[in-house]
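**Student:** Got chain L; can you put chain W on it based on the hints?
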Amino acid sequence: MSIDSQWDTPLQIAGRRFASRLLVGTGKYRDLEETGAAVEASGAEIVTVAVRRSNIGQNPDEPNLLDVISPERYTILPNTAGCYNARDAVRTCQLARELLDGHDLVKLEVLGNDHTLYPNVMETISAARTLVEDGFDVMVYTSDDPIVAAELESMGCCAVMPLGSLIGSGHGLLNPHALSLIIDNARVPILVDAGIGTPSDAAMAMELGCDGVLVNSAIAHARQPVLMARAMKKAVEAGRDARLAERMGRKTYAASPSSPTEGLFTG
Amino acid sequence: MQLYINGEARRVEQIDSVADLIASLDLAGRRIAVEVNEAIVPRTRHTTTTLNEGDRVEIVHAIGGG
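In the order they appear, the protein sequences are chains L and W. Residue numbering for the first sequence is 1 to 267, as defined by my numbering. Residue numbering for the second sequence is 1 to 66, as defined by my numbering.
So here's chain W without its partners, still in its complex pose:
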């Protein structure tokens, strides 16, 4: 299936949930926040939120800023 992850088109295989995607990107356990199609997916729902063809996923973290 094709997803748009942080603005990048990516083909992913065997990814059902947000949690699967995070694990496949080596981001499990990191301090991140996730949006799918501009709706926040709370941490508690990463395993139960399924991803579908064409979903736009944003994964953000904190960086230096003023």
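For reference, chain L alone in the conformation it holds in the complex:
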């Protein structure tokens, strides 16, 4: 039995099982070669993509993302980034399902405005309702409000993904207490999506008890994205193991030396 199967169970989302708890995005890379190398180094099995207008003959030889990030190898998670209302988000998911031959796992995000990219939870809830009814497995990006998270879970979303801080900001986890409230009350996987700036943020999310984290900018905008992808992989694994191991208690004064106090030969 490996140490992993002895202590941990795979991440389960909508009946699918994943060994990696790091999900990665594919935006903001210099080119597709770098995207592919970083995704590979991250060990991620779930990889997000965006859905946009195809170029119509301007550049017919343009390489396709899905040739690099193959749907046969990775679980592709199409997002609704850029949608500001429920209707556009639902339409995007329907196009993604057609694009990916009936694949029904989606990342729903409905944004409030373009300078914060903060989620519009009213539109998010409306879109989630329609998508769940239409048979989609909805992983939903939302605020760190525990009541909203519980509502999205009760509506049938298969995973809830609160922000750590604003998308692309790299500010890390600004309200770990709110994330803990969400985690403690959830029966579906909770993944921090947005805000992770560096591997210690990802480790912290996992130590809080998140089931996974989704990272894009922190890898893509590192000076060496492939190396950072590997660092994120290690951080998520370390944070997960630390959560399962259960950390020592914090002590205010009772300093306790790690080396024995008996048998000292210095008197």
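It should be emphasised that the hints constitute simulated quantities derived from the structure, not laboratory data. Don't be surprised by glycine CBs; every beta carbon is placed ideally from N, CA and C. Among these hints, one or two may not hold up.
[Claimed, not checked] Pulled a few chain L residues facing chain W out of the computed Cβ check, cut under 7 Å: (1) T48; (2) V49; (3) G57; (4) E98.
[Stated by the list, open to error] Sample of chain L residues lacking proximity to chain W, with all beta carbon distances greater than 12 Å (derived): (5) S5; (6) N59; (7) I76; (8) N79; (9) S258.
**Tutor:** Just chain W now, with coordinates in the frame of chain L:
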């Protein structure tokens, strides 16, 4: 006939079906999805779905995103 393809007005000749249009744009066999007038046209119906004057066609693909 005039179509609006990905928001662009384009005149096309000898195009009857969605499949004809895709072929004329060198997109045959690519991983794309197609909508006509905001209704998805499944891959299996590309050859049987005809296009008409003024139709709004969206052709999308997957690109990098987070």
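**Student:** Against each hint, give a clear statement of whether it holds in the structure.
**Tutor:** Consistency of the hints with the structure:
no.: 1; hint: T48; verdict: 6 Å, holds
no.: 2; hint: V49; verdict: 4 Å, holds
no.: 3; hint: G57; verdict: 5 Å, holds
no.: 4; hint: E98; verdict: 4 Å, holds
no.: 5; hint: S5; verdict: 31 Å, holds
no.: 6; hint: N59; verdict: 10 Å, violated
no.: 7; hint: I76; verdict: 7 Å, violated
no.: 8; hint: N79; verdict: 5 Å, violated
no.: 9; hint: S258; verdict: 42 Å, holds
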